[in-house]
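Asker: Here is what each chain is made of, one letter per residue.
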Amino acid sequence: MKILVAVKQVASLDEDFEIRADGRDVDPDFLVRDLNEWDDYSLEEAVKIKEAGGEVEVVAVTIGNDDADEVLRKCLAKGADRALRLWDDSMEGSDPIAIGRALAAVVRKEEPDLVFAGVQSSDHAFAATGMALAGFLGWPHAAVVNQLTYGAGTTTAPIRRELEGGLLQAMEIACPAVLSIQLGINTPRYASLRSIKQAAAKPIEVLGIADVGLADADVGEAGSRSRVRRMYVPEKGRAQMIEGTVAEQAAKLAAIIKDVTGGAA
Amino acid sequence: MTWQWLVTREHAPPRTARALVRAALSSGEWVAAVAVSGLARGREREAISTMLTQHRGRRLLVAGAANTPATALAIVADAADASLRRRIASHPNACPNTLSSLSPAAAADPGLAERLARHPAATDALIDSLLNIEGPSAPLVALATRPQLNAAQCARLFERLPAGERWRLGMQANAGRALIARLSVRADRRMLSILAKHAEASWELRARALRSKHLEVRRALAMRSVLTAQELSVLASDPHWSVRRVIASRPLLPASHVVQYVTDESPLVRQVLAARGDLPAVLLATLAEDSDRWVRQAVARHPSVSKALLRQLARDRDPDVRRAVGRHGNTPPQLLSALSEDPVAWVRAAVAHRVDLPASLARRLARDASLDVLSGVARAPNTPLGLLTELSRHSEPDVRRALLGNRRLPRPLVTRLSADAYALTRSQALAHPRLSLSRRWAMRSDPDERIRGAVYGWFAARQCA
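Residue numbers (our numbering), protein chains in the order written: chain S, 3 to 267; chain P, 112 to 576.
Just chain P, same shape as in the assembly (with noise of 0.2 Å):
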């Protein structure tokens, strides 16, 4: 049972790979063996295939924990388990060859096949033998939803897909003009919608979704990487405010429909404006004085808001604008000190926040009563040793947590947290740079289970660098 972790191991961390296998082995766990899988060799490495495959439960469990790495996952690969092999055709981490190795039954399982079209580490050749497979559509729209397919892919596809499935290859980018040309034949709103967009799309389909009727259709065109200028103008001047959103998120958008944006009757697309990289100053002190406050907060966001625009969105009546303020690179010091006493915790917690929180204001944060605030203060790198110490022994988990989200934690108090009784913190303590090796490997006693299994991944990890 799993309160054998219990039992005291002294020993110093191993010092080569081996010795970190041999350690597992002896340890009797699976998530041991699981994690250092990938440095087993010989007979070691036949030992922990044994301790893998076990029994059926066992394998089960591996191909079912979310950090089981690729080694891992192909000893416990068994095509002929029909629940083993669709839990690893999904893990993230299986390889291309295991994958692979499981495709002879994805023609008689349309629900493995379907995982393997979907698989990020999908081979080409794989993808080419799920394309001829015989029997329900899943596999071949999950084949349509992967990014990049090839042209020939894409033909295939086109092909052997449900006609009402179709529109998914418009998504393609390699779809290929000849495709797309097929696809816009008797194109349906949603059709047309996606095909405006593809980088393919015809003069003459452009020109249809330039004049359509549908929001949807000349929405999706206004997102064309490349638009001509009598599209642009075209577009800019849509009746529908979202069309508008879109060309006024655009790059290198003319001076001119910047301007024009500035007193859009829709604070949507005003919003999008006033985050533009490339707005003057001029348009900015304007917008800084807009009804809406998603655009103030757009402003007060801005990395070339003034100094002095920043001083005004500090008093803003709107609290999530003078958090914006509290979270500007750019803040002075003494708005910082004035927003750290913001009636509203969410603005104080946006000053709490600040890498560069400053000794002086940490003492004062360090006595307010918001979590959210405290735990800003206990990742600052300049808060004081002894506050520190005190957030160490504070009664909520979440505060002693968010201090090893503090690069700069003394070693004691990560050796403290690394003993915490709340297993999240624990595990965050495994990972921070300031825990010592001894302490860490240590950990491998921890009454969580996936914290032990992190312990030897950690320096299985440290062996592979």
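Chain S extracted, bound-state conformation (with noise of 0.2 Å):
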């Protein structure tokens, strides 16, 4: 059987940081990259199966440009067997809806028999790529998995989810399947430095959108739903500190009234 784990290389934002010039996103001088927090479990949750016995192949699968192979390689340092990246320029701008299209065209070409995404991503947090890429392939898809106990090769998933104010639902979901994966829902391994330095000789395999019978209008800005019109960071609040005798305020904070109510108080 085969397990495909969609990753992602988040961004998280250094102490300071400045917008793009224009002003759709941060400036990528002042970001710091890393595997997405959730998709370490997605990987983590694949792995176990495998090791638990039967023939799996865990298959790491992301989107980006060779930025993205760091992520990759973290992936199959800890244990994935296979690393896939699709990339194009044109993919540049791609919302979750595009993503999950392409995500779904390599899901047809790999064909799988379960796919774990991260519930969401820590940087961009729309929380919509697994349920997006499960719409492409009408597939079933199960959010917020917390406990999986899967055994290969078997045709339906035990699963347990999260719900609001800490209730839990058990349920069973027919596979192949699409899972959003929670955090907690075990312990992602440390990778051994013998199987950091194992991972940096294998081959990552790359792919443009022709590879899996995409085009340009399916994928970027072009193949999607939605688009950033701004990023900023919101004004602060004003606060004034008010001087001086009891009168002297009162006067003061009359003053300010009137100010702000065009002179109504």
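Keep in mind that the hints were calculated from the coordinates and are not lab data.
Where is the CB? At the ideal position from N, CA and C, for every residue including glycine.
Hints are all accurate, no fakes.
Not everything, but these chain P residues come out facing chain S in the computed CB check (under 10 Å):
1) 166
2) 169
3) 193
4) 222
5) 273
6) 274
7) 275
Please dock the two separately framed chains into a single complex, following the hints provided.
Answerer: Spelled out as structure tokens, the structure:
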């Protein structure tokens, strides 16, 4: 059997940062890149199933330019058997719908029995990729999965989901399926030095959109249903300490109210 | 990309500063160049400058990295780049010259001015220039929070600060009598509570504080290093426990007050009293029976507590009290043995974390399930080699990492841990004195960029020593 794990190289902000000249994202000079935390748990869950026995292949897949190879190497070091990266310059500006469409094309090519995605990415937090992917595939989907008891080769997967108010939901899902994995489902491992070195020598399969049957119109802004208009830091509220005697403070307060209300006070 | 570090480099550790700089340059890694920047001269320094200033992202990285030394910060400093200069002005390693080189931009950049005003390495000349900047008050407020402003700077700040921020000057040790007197005119509750503590507070102001109905004012007065007998007498019987608590912690407290506080109604006062180093044995014995567990814990921590009292407190119903006995330096071995079988892991951990943990107890505690206990055994200098070897294979990274707190850890185990999967463990192995030079140098191929930088930093520091 095969498990495909969708992973993302996320960006975290430095303490201080600047917004890009077009006002739609943070200047990349101020970003620190790493594997999305949720995806670390997804990968661990897949590797655990592999280690439990049976012929299981774990394939990590990401969408991004060659900078994203770093996170795929991490996945290989932690136990993924193969790593795939899909990229084309026309994919720049893809929203979660376009990403879901692209991942669905990879899934059709790879034909896995299960697909794991993180509940959300820590940078853009759309929490939509898993759902969009399942929608494009027409597969069942379960979100916020915090327990999975799945044996390789079975046709259904017993899962447990986190709901609001501390409620849990136990359910069974037909495979193939897409599961959005929640933090805490397991304890992700640290890759040993040996496996890190071995991972460095493993190939990363790089695919273009044509390799998975997509056209420029399917990805990027052309294939998206939403677009970022502006990214900004909201202005802080104003506060003012009013000094003086009680009478002076009252007079100043009255003047401020008059100013705000246009003289109605 | 960062995976280039995997290229095997078998060379011996560099013996000279120049060889180290060349090795750093040939690695092509900015973290290496940063670490050796203080050793580079001539063309090699130019090469390092080129590497560190290659593009804006690199300069920002260098300025934002916690361990960047002053020399590297000076190399990347660029007063024309607002984000970069703010990062450098916030960096604790920035030197006075670098900070001063940024100051011309401060007049038009309040954020920079505020950071410079807070920086511990800012010179008097820089502070004086910041005092004259027009614009928002945030840099002035930042200046007012600096410790040890001189009298002239305090006086200038008094003129420039908004009235609502002047209270900060009451915390300046060098504010001077005249300025304290000006601040005390129409002093409100907050100002009075600040000024009552000041060494230059007038007798009149102290008298006002002593009569104040506000407890924070009286408490502030109680914090003065010197009090008159009358002030001490009045404050010692203050109706509020928090004032009495401050008095109970004063050195050279008259014996009559010490005795008075043994039966104080507030356990918070008795807790402070029980921690006094000059407490007579008879009062310690009384406090060992106190109903409050934190009072009993303070007795169990007291340097003069007798072995008899330690035996009594080792049977205390509260685990925090028993833990304090387990940590006390005078606790006899038999008592430690009993505490090593305490039902509460927190108490057993206190025994395990003793520097003088005997090998016999280490063997017993090494079978414990608690990670706290095992970490203590791992750090103990007398833990037998066999146990240390077992712990170095423990599945929990925090237990393996604790071994590196053991200065006597044999070299083979330090070497093993220097290849641990957990980066923090490898980082601590790098700093362990028993790691061989050759293995330490080989760690410049570590997957973690911070560790690779630390390797070059360690060898650079060795050259300077």
